[in-house]
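In the UniProt record's numbering, the protein residues as written are 1 to 204.
Don't read these hints as lab results, they were simulated from the structure. Remember, it's a predicted structure, so these values are computed and weren't measured experimentally. Nothing false has been slipped in among the hints.
Think about it this way: if two alpha-carbon atoms lie no more than 30 Å apart in a straight line, the pair counts; the simulated DSSO-like pairs of lysine-lysine are:
no.	residue 1	residue 2
1	Lys102	Lys59
2	Lys180	Lys69
3	Lys102	Lys46
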Amino acid sequence: MKFNVSLDASELNELLNLTKHSPSLHQKLAKTKLESHEDVSEFNVKGMVDFLLLIETLKSEKRTGWVRKGVPNPESIADHMHRMAIIAMLFEQDRRDLDVSKCVMIAAVHDLAEAIVGDITPHDPKFSVKHDLEKVLYCLFFQQDAILLMNNLVGTRFQLIKELYFEYEEGRTSESQFVKQIDKLEMLLQAFSYKESKYGVSIL
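Please model the entire structure based on the sequences and the hints provided.
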């Protein structure tokens, strides 16, 4: 799937400046615009390791909403996605109309773009790029820059991840719509947990 969305240099720099990741990653993203790349279909051990190290960021990147609420040591993006996947599994016997295995996979990858852009929300006071946030993520992570980087790392093995990511973002299937509801449920569970914690953090 392709989107006719593009960022000029100033907008791209503004978005990248919102992230907490290393300049080397920014350079890799910029470099993909300047080079042509061959499709990597064979098993590439180094590329696979590089990709897994890239998404390791999700284990340390804290969820922005909880940081703003002053929650001490809040959950990471990976924490959030992991519990979503578990929640999806619990509905296997109740939602026979759905492909629950696909729901689990969607939950596991739906925030994958945040390994690059960080957990940016539409309410971020620093975010002034005029494009719709969702389209910016499409452009940055999949369309022109990061899709080339990811394809270089894992080749055609990235195809399923990409398809599941877009399926969630578009909400075009019953499975993706169900996972969007799980996303909200997981957030409510986490909010309740923080509210009841010894820190007494107000989540309202």
